[in-house]
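2 protein chains.
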Amino acid sequence: MVESSSRHRAGIDASGESTAFDSRVVIEHVQPEIDAGKFPIKRVLGERVVVTANVHTDGHNALRAVLLYKPSHGSQWQMVEMRSAGAGLDLYHAEFEPDALGTYEYTLQAWVDNFGNWRRDTTRKIAAGQDIGVEICEGRALLEQAAARAAGATGTSELKHYLNMIGDSPSLSQSSPLFTDQRLSELMLEFAERGRVRRYERTLKVTVEPQEALFSSWYELFPRSWSPIAYKHGTLSDVTARLKYVADMGFDVVYLPPIHPIGTTKRKGPNNSLESEPGDPGSPWAIGSQEGGHKSIHPELGTFEDFAALVDAAKRLGIKLALDIAFQCSPDHPYVSEHPEWFYHRPDGSIKYAENPPKKYEDIYPLNFESESWQQLWDELCDVIFFWIEKGVHIFRIDNPHTKPYPFWQYLIAKVKSRHPETVFLSEAFARPRIMEQLAKCGFSQSYTYFTWRTSKWEITNYLHELTQTQVVEFLRPNFFANTPDILPENLQYGGPSSFLIRATLAATLSAAWGIYGPAFELCVNQAVPGTEEYLDSEKYEIKNWEFNDQRTIAPYLGRLNQIRKSHPALHNNRTLRFLEINSDELIAYCKTDPRGTDLLITVVNLDPYNVQSGYLTLPLEELGIDADFQVHDLITDRRYNWSSPTNFVQLPPNAPAYIFKVRKRVRREFDFDYFV
Amino acid sequence: MVESSSRHRAGIDASGESTAFDSRVVIEHVQPEIDAGKFPIKRVLGERVVVTANVHTDGHNALRAVLLYKPSHGSQWQMVEMRSAGAGLDLYHAEFEPDALGTYEYTLQAWVDNFGNWRRDTTRKIAAGQDIGVEICEGRALLEQAAARAAGATGTSELKHYLNMIGDSPSLSQSSPLFTDQRLSELMLEFAERGRVRRYERTLKVTVEPQEALFSSWYELFPRSWSPIAYKHGTLSDVTARLKYVADMGFDVVYLPPIHPIGTTKRKGPNNSLESEPGDPGSPWAIGSQEGGHKSIHPELGTFEDFAALVDAAKRLGIKLALDIAFQCSPDHPYVSEHPEWFYHRPDGSIKYAENPPKKYEDIYPLNFESESWQQLWDELCDVIFFWIEKGVHIFRIDNPHTKPYPFWQYLIAKVKSRHPETVFLSEAFARPRIMEQLAKCGFSQSYTYFTWRTSKWEITNYLHELTQTQVVEFLRPNFFANTPDILPENLQYGGPSSFLIRATLAATLSAAWGIYGPAFELCVNQAVPGTEEYLDSEKYEIKNWEFNDQRTIAPYLGRLNQIRKSHPALHNNRTLRFLEINSDELIAYCKTDPRGTDLLITVVNLDPYNVQSGYLTLPLEELGIDADFQVHDLITDRRYNWSSPTNFVQLPPNAPAYIFKVRKRVRREFDFDYFV
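These protein sequence lines are chains A and B, in that order. The first sequence stops at residue 677 when you use our numbering, and every number in between is there. The second sequence stops at residue 677 when you use our numbering, and every number in between is there.
Same shape as in the complex, but just chain A (with noise of 0.2 Å):
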C-alpha cells in the first residue's frame, strides 16, 4: 500500500557520485538489523520485533515515519506510526508481532509533514496574534493536494467532506478542523505526499519459529541403554517405555544421539579405546554400514513402526522427539560405495579419514562439501532432514556444523524452512565466538554455548551480559547444557550433588532453553578419565545400566525447575536478564521479567558447592517496579518472606543453593497482599 513514487526522484552524477534527490529525511541506525540486513533477526510467535531508528531532516522540519511490515511472501504491507522516543535523540520506535511461521520482512518510510509544519507554525501564529489569512489557504490547499492523491481511495469521500466543511474563503473558525481534527490528521498521513518519501534502503528479515525454538527443556539419552534388563541393548520401545519418567521431570524435548546403523570397520571399544571386541555397540556417531545409512534405523533400536510409537507417546507427554544428525560416514557407509566422489581422496587412490595431526579418527570419513558434485550432496542432505521430517520429527541437533561450509548450513537451513518452517535446528559448535555466532546468523535456531565452563560470577555475569545485552540475542539463542556425552565439565566432577544443583538451576533460569544429558545428570555421575573432562566409561562407546531409581536421584529437583520455567513466562526470554548487587563472590542474583513486566522473577544462586553463603541482596525497587514495601515467595521450597527495604539478608546452603523468588507486590488493602498477581 505504501511504495515510494520515483516522480521527483532525479539522478545527478557529480564526479561519478550518483545522489538521488528522492527524500531530505535521512533514516539510519535502525535496530534490530544483523550485519547490514545480510542475516535475519529471529524471533517466535509471540515475540515483538520492537524496531528503532533515528529519523531526521535539516531545519525545523516536523516529520512523520512509519514501520511496514508484512510476511516475505505477501504482497500487502502493513503500517505502523512511528513514536518519538525523546526530544533530542531524533530516535523513534515502533514495534509488531508476526503471527505466523516463516519470514517476515521489516523496513521503514519516512517523510517530512508538511501538514504538521503548517499546523504547529500556524497555530504559534494564532497564538501570537498574527494574521493568518494566508496560512489558511496554504492549509486548505495542502488539504487539496491530498484529496487529489487520494483520488479514488477509501479517504477521498471524507477529505472532500472537510474541504466543503471549511468552504471556499474560510474565517478563522471554520477553518478549525484545519488545526484540531484528529482524524483529519490521520488522513494527512495516509495521503502524505509520497514523492518525496524516504525508503529505508534495506528491506529486513525476521526468522519466525516455533516457541520451542527458544524455550524448551531438553533431555538427552542413549536409548541403547535404556532396557529393564541390565546390560541388555536397549530399544526405541524400551524409550516409549519409560518415557514418563523424563516427563515427571517436565523436560519437553527428548533428543537421541544418532540412531542409524554403527559402522564395524575401525570400531572404537570402551573408553574410545582403537581396538574394539565382538559385542562392542561401538559409537553413535559412527554412522553406516551395510544395514543402511542416515535414513535408516539401527536394527538393535528397533523398527520404523517402533520410532512411529516413540514419536507418538512423546506428543501424548507434551514431550516432542529431537534427532541428532551428524553428516559423517563409517567407511561402512552405503554413501562411500554409492557415491565415492562425495568424499575426499588422496594421491593413493584412498578415502580420506577425519585426522587433527596427528590425531587419527579412521572409523570416521568426512564429506567433501567443495567436490565437483557438491550440489547433488547437499541436496541429499537436505533429504536426510525431509526424510525425518516425514517421520515426525521437527527438532533437529547438529553435530558439529563448526566443522562444515557455512554456505551449506544456509542452503540446508534455508531449504528445509521453506517447507517446514516449523523445524529447529540446534548447532552444537563448541568453537571460537564468531564461528558460533556465524552458524546463528545462517540460520540455526539454538546454539551451544560455553555455559559449561562458565563458573565464576564474573565469568556468569559477563558471558550472559554479551548473550543477552549486545546484538547477539537477536539472533543466537543460546541453549544452556549443564553437561553433554561429550563433556562432564570439572564442576561436576569435584563439587558433589549440590554442583548439580547449582549447574542446573543456573541453566534453568538463564537462559530460556536449557538440556542435560542423562540419566547421567539427575544420577549426579562425576567420574571423568582422569585429567579430561570424558566420561569415565562413557556410555558413547558402551551400554550403561542405570539405577533410574536411586534414591540420591534429582530428579525431583530438576522437576521443580521445569515447573517454574513453564509457569513463569519471566523465563520464557532473555532479553529481559538483569544482574542484581549481592555483596559476595559466591552468590549471584539476576532478574528477569516477561516482556510485559508482569512476572518479576529473582534468583540468588550459591556457587559455592562447600558451604553456606550469605550476603546482602540490593534491589533497584524503583527500576523493578516495585514498592518499598513487597513479597518475595520462593518458588522452590514455597516459602515467603517480607521485605519492606531495597537490602536483604540472603543465605543459602549448599545442598539448597537457591532462591527462585517470585516477587509479589502489595495489594493497595491492609489485610493482604495479591498472592496471585
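Since the hints were derived computationally from the structure, they do not count as laboratory data. There could be a bad hint or two in this list.
You can't tell identical chains apart in this list, so a pair holds if it fits in one copy or across any two.
When the alpha-carbon atoms are kept at most 20 Å apart in a straight line, the in silico DMTMM-like pairs for lysine to aspartate or glutamate are as follows [said to hold, decoys possible]:
| hint | residue 1 | residue 2 |
| --- | --- | --- |
| 1 | Lys359 | Asp121 |
| 2 | Lys38 | Glu28 |
| 3 | Lys665 | Asp627 |
| 4 | Lys38 | Glu201 |
Given the structure of chain A, go ahead and fit chain B onto it with the hints provided.
Frame of chain A, contents of chain B only:
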C-alpha cells in the same frame, strides 16, 4: 590485480533465497566502515588507515586475508597481507597510507589456505613420526596447481624452479622447501586458488584531505572593524596591513564573515534591532544588493584586487584565508529578481521570508532547495564555491548547513571536491547530535561542536569520548571554537580573563582544530546582552573599535598555545586522546600522542577560573610506555619536573591554569635526560 573469478560460483535458489557457494570464508565487522559503507571515512595526508575485520572459516582450516586499496580512479589494487591480532578472536588487521588527495577505496579478500593447511598438518605428522609419502605428493600437486595458475605471470619460473628442485618423487629432504621456504609461501599467496576467494561485499571509501582539514587554528575577524581609524569602515586592505598580528598568535586559518554586498531592505540595526539608521552597516549575513550577490565583494570592503592582495599576504605568513558561505539572500539580492523560482512563494504572490514562528526574519529570504528548478539552483550554488576557489580560497565555513537538505550538501561537496580535492568545508551546525553527524557524513571536513557549552570535567570527558573514542572519529572532525560572534558563552561572561585562558587551552589541546572569534576573544570581551549569549553591541550589526594593543590582551598566551601545537605532532590528531586520573573535580588531565607514540603530551587544566586547585595526578605508566623515573617539561612555562612515581602532586592558580607537559624519558645513561626525544 586481485579479482575474484567466478569459476566456482554457482547461484542456488532454495526457497527464494539465493545462496552462492563461492567461499567458505567469512569476512565481517570490517572497521572502519560507516553505515555499511554508505559514507566514506576521512583521513588527511599522512594519516594511516588501519583496517580490522573478523575473518574465519569452518573447521581447522588456516586462511590468508589481504587488504586491497587503490585511488578511486586507479585500476590497480595494492595488496597488503593482514595479520592475526590474536588467537581465538579471528581478528585480522592491516594498514595503508593514502598518498594523494581525493578518494581511495579499500576492501578485503580472504581464502582457505590449502597450502598452509598442508604445511601445518604435514609438519605435525613428521613430528609424530608418521609416514608422509602421500602427503608429499599432495604438497607437490598444490605447487603444480599454483604454477598452472601463475601461467605467464612473474613468478611462474620461480614456481617451476621449486618443482624441479623437489623432483618427481621426492624424499623428505628433497621436499624440505615445501615446508620451510618463505619465498614459496609468498608465491603461494600470490597465486592462491582464487576460485573460492571471499571478496568482502563492499568496497569502502576514504576521503583524503589536506592536513588543515584535521589540524588547524582558526581566527575569525570582521574586516570592517579593522581600520586603524576608529569607527571608520575597515577594508580588506586594513586586514592585509594588520595580518601579522594574527600570524604572531600562530593562527593558520583566518576566516571572514560574508564579504558580499549587504541588503538594505529590512536591514537590522545595532543589537539586532528591527529598525536601522542610515549609516548602520547591516548584518553581513543579509547577502545581496543592487551591487551584487554571492560572487561580489561589498564595495566598502574593497575590490577583487584588494582581495587578491590579502590572499597573497596571508600565504606569505603561512595563513590560509577562509570564507563564510551563507546560502540565503536579502530581499535585494539579484537572485530574487532573476530567479524568483528559487524562492518560496505564498498564495498571495509574496516571497516567503525566513521565520521560526512567531519570530520573523524579514531581512532574509531562504532558498527553496526543492523548487522545480532545484537543479539549476544547486549548480549555481556550486558555482559560487568554484568562483571563490578561482580567487585563491580553498577553505569554506558554511553557515547553518542544517537548514538545507542533506542531499544538497552531498551533491555540492562531491562536485567541488571532484575538481578540487584540496577544498575544506567547515559545518557551522549547532543542531541535534544526529544532524551534526549527518552533515559530517555528507562530506563536511570539519564541524562546529558543543564544546562551547561543555565546561565541567564530567561533560568534557563524556563529550570527548564520543568524539574521539567512538566511530564518530572516523567521519566527524571537531573544530573547537571557544567563542563565535553568535556565542559568548556563560563561562566567558563570568569567569574573567582566567576563563579565556582555560577555554583556549582546552580547545587547543583537546581538539586538533580549534578557533576563536577575535579580537573579542584575546581582549577578553565579556559583556553580553543580559540573559543571553549574544555579545552586547555585537560586531554583527555595527563597526567596533578594537584596542588591539590593550595591555590585558591574552594574545601572547594564544601564541604560545599555537606554537606548542605546531611543534608537537601529539596535538595533530584526536584519536589518541586519553583521560587521566586526577583526584579533583576541578582539575582535568589527559594525554595525547602522535600515532607512532613518540611524542607524548600530558595536559592538566584547572577548570575553576576563581581559585587555586590542586590534586594528585596518577599516570598509567606501563600503558603509556614510561619507566618509573621520568621528566615532565611544561611547555607553557618551560619548567621541568623530575617525577619518579606514577602519582604526583599538581597545583594550578586560575591565572596560569594549565600545564602542557612533554613527557621526556630518561636516556639509559646516568648523567642526562634525552631532552630532545
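Evaluation of the provided hints:
1. Proximity of lysine 359 to aspartate 121 under the C-alpha cut-off of 20 Å is restricted to the inter-copy arrangement: shortest distance 10 Å between copies versus 77 Å within a copy.
2. In the homo-oligomer, the alpha carbons of lysine 38 and glutamate 28 lie at most 20 Å apart both inside one protomer (16 Å) and across protomers (11 Å), since each shortest distance falls under that limit.
3. For a Cα distance limit of 20 Å, the shortest separation of lysine 665 from aspartate 627 inside one copy, 7 Å, qualifies, whereas the shortest one across copies, 58 Å, does not.
4. Proximity of lysine 38 and glutamate 201 under a CA criterion of 20 Å is satisfied in both settings, with 13 Å inside one chain copy and 10 Å between copies.
In this structure, none of the earlier numbered hints is contradicted; all agree with it.
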